[in-house]
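**Student:** If you read the protein sequences in the order shown, they are chains A and L.
Numbered continuously in my numbering, the first sequence closes out at residue 209.
Numbered continuously in my numbering, the second sequence closes out at residue 186.
Since the hints were made in silico from the structure, they are not lab data.
Be aware that one or more of the hints could be misleading.
[What the hints assert, rightly or not] Incomplete in silico selection of chain L near chain A, CB under 7 Å: (1) V38; (2) V50; (3) S65; (4) K66; (5) I69; (6) S82; (7) R86; (8) L89; (9) L93; (10) Y100.
Where a beta carbon is used, it is the ideal one built from N, C-alpha and C, also for glycine.
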Amino acid sequence: MEIKTSTAQLRDYLDTKQGKTYFIAIITLITVTIMLVFAIVPAVKSITDKIAQNNVRRDYLEALTQKEKNTKDLLVQEEQSQSQIAFLESSLPSKRNDEYILANLGEMARQSNSYLVSADFGEDSVTKIASDVETKSRLKQVPLTISVQGNIPTLGEFMKKMESFPMPFVVESLVFGTKDVRSQSLPIIRGDSLLIAKINYYYYDDVTE
Amino acid sequence: MVQKKGFNLLKTQVEPQTMWTKLYRWTTTTARAIMVFVELIIVVAFGFRVVVDLQFKNLNKDIASKEEIMSVLQESEMRLRSTQDRIGLYEQLWKDTPYYSNVYLEITKIVPVNVQELSVQILNNEVTIKGFADAQAIEDIESGFKNSSLFTKTELLNIESQGTDTDSFTIKTNLNNLPMRSEVLF
């Protein structure tokens with residue numbers, strides 16, 4: 001049953017549609033969106049960005065602190081290991097030193113009652129070594145051919161001394177026997193055998209020194 | 001005179017608000033609440049920002065200080081790295097170097113001293129022995145190499161009569177399980 005209305009104004013009131021109140025909801029939504037986009041999100045983002053930057057800096061600072069600690073620890077160790085470092089320096093020198101090698105080989109021959117007849121040093125080159133060490137290209141090898149005269153036992157003694165020497169001599173090839181003493185017209189008084197060894201000695205080309 | 005009284009049974013109708021009235025009411029209620037809420041967030045955010053800015057400043061200060069220390073330690077660091085690398089390479093050289101002294105001693109044990117014009121060559125794990133000796137000595141040398149654990153694939157390549165008591169011979173053998181220097185020494 002249709003409601004009877006007394007006046008035109010009352011009819012107008014009752015005919016007002018609900019949809020017209022959406023205006024407020026829409027404007028609220030727009031305002032909230034504007035606040036979010038232009039105020040809240042930039043404010044939060046500026047903080048989160050800064051926190052991220054701080055985290056990066058904090059990590060870097062931690063790495064620096066750790067590095068400083070490690071370096072200081074190693075410096076203490078270095079201080080306590082001077083004798084071992086000196087030993088390393090003599091065993092794997094930082095520069096090519098043929099005179100040092102010659103003197104040592106001569107001394108080894110003398111101690112084993114042999115005689116160092118000749119030592120021929122070659123050109124140095126980068127050592128081909130399978131290693132994870134970053135600066136392995138600084139390891140240089142110097143080829144060296146030595147002739148040592150003696151007899152079979154004394155040459156054996158010389159070999160032992162040479163291979164026990166802290167400096168790692170690497171033997172490439174060996175020729176020994178009684179044949180070459182005569183063929184090379186060497187004085188027999190020094191022994192009837194000759195040892196010819198092709199060896200390499202090594203040095204570490206240290207750029208920090 | 002008696003006044004007539006009547007009852008209005010209809011629900012009271014309010015005059016519909018105009019758009020401007022609605023807007024005014026919204027501005028003074030919902031919009032105000034939104035603004036207060038947003039301002040609160042902004043104030044809290046500002047406080048946070050001040051704190052993180054201070055942290056940023058302090059971190060930068062600490063980093064600059066550490067970098068200065070590290071620049072002083074840089075030379076030492078390079079020296080230490082160099083020493084570490086050198087130790088690594090030295091160890092590897094020492095470990096991976098074959099040890100020939102035992103081979104030499106073994107050969108001199110097998111080959112008798114009366115072999116003339118003896119020449120022993122060791123190259124690429126191959127050993128060649130040449131010289132002059134009597135037939136029995138040559139046979140002993142060959143069996144000596146064959147019975148030694150340091151050698152393998154031993155063969156008498158050549159034996160030639162010289163018209164005297166001694167024959168020239170060539171024996172070839174290969175090194176077997178050549179020890180590394182670190183295995184023998186330490």
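**Student:** Hold the hint about L:R86 up to the distance rule: shortest CB distance to chain A must be less than 7 Å.
**Tutor:** holds (5 Å)
**Student:** Any CB of chain A closer than 7 Å to the CB of L:V38?
**Tutor:** Hint holds; L:V38 Cβ to chain A Cβ min 5 Å, cut 7 Å.
**Student:** Against chain A, with CB atoms and a cut of 7 Å, does the hint on L:L89 hold up?
**Tutor:** Hint on L:L89: holds, closest Cβ of chain A at ~5 Å, below 7 Å.
**Student:** Can the hint on L:S82 be confirmed by a CB-to-CB distance to chain A that is less than 7 Å?
**Tutor:** holds (5 Å)
**Student:** Given a cut of 7 Å on the nearest C-beta pair, is the interface hint for L:L93 held or broken against chain A?
**Tutor:** holds (4 Å)
**Student:** Can the hint on L:I69 be confirmed by a CB-to-CB distance to chain A that is less than 7 Å?
**Tutor:** holds (6 Å)
**Student:** With a cut-off of 7 Å, does the beta carbon of L:Y100 approach a beta carbon of chain A closely enough for the hint to hold?
**Tutor:** holds (5 Å)
**Student:** So, L:S65 near chain A? Judge it on the closest CB pair being under 7 Å.
**Tutor:** Not OK, violated: L:S65 not within 7 Å of chain A, min 9 Å.
**Student:** Holds or violated: is the Cβ of L:K66 closer than 7 Å to a Cβ in chain A?
**Tutor:** Check passed: Cβ of L:K66 comes within 4 Å of chain A, closer than 7 Å.
**Student:** Is the shortest C-beta separation between L:V50 and chain A less than 7 Å?
**Tutor:** violated (10 Å)
When the structure is compared with the earlier hints, violations turn up for hints 2, 3 and for no others.
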